[in-house]
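**Q** Based on the provided sequences and hints, a complete structural model is requested.
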Amino acid sequence: MNTQILTTPSGETYPIKTGSGLLQSIGTELAAITKPCRVMIVSDSNVAPLYLLKVKKSLAEAGFFTQTHVVPAGEESKSVAVLGELLEAFAEAHLTRTDLAVALGGGVIGDLTGFAAGCYLRGIRFVQIPTTLVAAVDASVGGKTAVNLAHGKNLAGLFHQPIGVYCDVDTLQTLPEHEIADGAAEAIKHGILDDPALFDIYENGNPAEKYEEIIVRSVIYKSKIVMEDPNEKGVRKMLNLGHTPAHAIERLSNFAISHGHAVAIGLAIVARASVRRGILDSDESARIINTIRRSG
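For the sequence shown, counting from 1, position 38 maps to 37 in this note's numbering; every step adds exactly one.
Simulated from the structure, these hints should not be mistaken for laboratory data.
Idealized CB from N, CA, C, for every residue including glycine.
The reader is advised that the hints may include incorrect statements.
Listed below are the simulated PhoX-like cross-link pairs for lysine-lysine, each with C-alpha atoms no more than 20 Å apart in a straight line [as the list claims (entries may be wrong)]:
| id | residue 1 | residue 2 |
| --- | --- | --- |
| 1 | K152 | K16 |
| 2 | K223 | K16 |
| 3 | K232 | K209 |
| 4 | K53 | K16 |
| 5 | K152 | K56 |
| 6 | K236 | K223 |
Now the in silico label distances, taken between C-beta atoms and shown as ranges [to be verified]:
| id | residue 1 | residue 2 | range |
| --- | --- | --- | --- |
| 7 | L157 | E75 | 13 to 23 Å |
| 8 | E87 | P48 | 15 to 25 Å |
| 9 | K53 | I32 | 18 to 28 Å |
**A** Quick look at the structure:
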């Protein structure tokens with residue numbers, strides 16, 4: 000198991016753990032950083048049948064009092080309406096500031112749960128348990144949370160850091176190929192920005208054999224950026240590489256095109272535009288585009 004510690008300039012510190020079997024031991028993991036309390040596990044209709052009972056059992060065995068809230072799978076749940084329902088569920092469960100929300104799922108669940116946790120009682124603690132590659136390499140780290148509005152993606156949100164992130168690589172075995180490709184786009188982005196070895200895994204290697212390394216390398220890079228600029232006022236904006244066209248693509252497709260697929264297209268658009276502006280040579284642009292294609 001790999002453990003990274005993220006510390007923000009304000010002094011917020013939390014572990015980011017990556018390895019096999021973390022779902023079974025999540026109760027023990029959380030008991031190491033907080034006293035037993037009420038826990039609201041938030042998941043979606045795809046993930047809950049696979050992992051909810053396992054997580055609930057582990058938490059209960061560690062002394063936590065668990066309740067659950069399951070939303071429909073998909074981008075449609077990243078809405079003000081579903082956010083309101085989740086906040087009401089927190090209230091009905093009598094959560095207090097000493098209690099905990101747990102996001103069990105992909106990026107939508109992480110965004111939704113983190114935003115609700117940041118709003119409820121002006122902020123309660125939450126934990127990220129990403130079950131998709133895109134969430135593990137990107138969305139679960141850094142405290143950015145949001146929901147979509149009619150006028151665009153992620154227009155309502157806040158920064159709210161989790162108290163822990165637990166990436167169980169075993170969950171990737173149940174993902175369809177298109178979701179693995181979604182995560183590849185974000186990992187390739189990190190490789191382009193800072194990590195040639197990570198980029199090489201996708202350009203020349205076999206990513207399916209190196210998911211743990213891919214996640215750890217991405218977490219190390221993103222943690223470094225978040226520790227320097229937690230509220231995206233400067234250097235953290237680099238992590239949005241490819242995302243400006245990606246968000247437009249998602250919105251124009253009415254979210255029929257997934258976030259990761261849109262980011263892949265966005266990276267290709269930026270690579271080509273960078274050649275035209277003299278920022279990138281054509282050979283490097285071709286490497287980026289070919290690597291994206293190779294990754295699905």
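**Q** Determine for every hint whether it applies to the structure shown.
**A** Comparing the hints with the structure gives:
1. Between the alpha carbons of K152 and K16 the distance comes to roughly 29 Å, so the proposed pair goes past 20 Å and is violated.
2. Of the supplied pair hints, the one linking K223 and K16 holds, its CA atoms being roughly 15 Å apart against a limit of 20 Å.
3. A distance of roughly 33 Å separates the Cα atoms of K232 and K209; the hinted pair therefore is violated under the 20 Å criterion.
4. For the suggested pair K53 and K16, the alpha carbons sit about 18 Å apart, so the restraint of at most 20 Å is met.
5. Simply put, K152 and K56 have alpha-carbon atoms about 35 Å apart, too far for the 20 Å limit, and the pair is violated.
6. For the suggested pair K236 and K223, the alpha carbons sit about 13 Å apart, so the restraint of at most 20 Å is met.
7. The hinted range of 13 to 23 Å is satisfied by L157 and E75, whose Cβ atoms lie roughly 21 Å apart.
8. Between E87 and P48, the C-beta spacing of about 24 Å keeps the proposed range 15 to 25 Å intact.
9. The hint said 18 to 28 Å for the Cβ distance between K53 and I32, and at roughly 20 Å that hint holds.
Hint violations for this structure: numbers 1, 3 and 5, all remaining hints satisfied.
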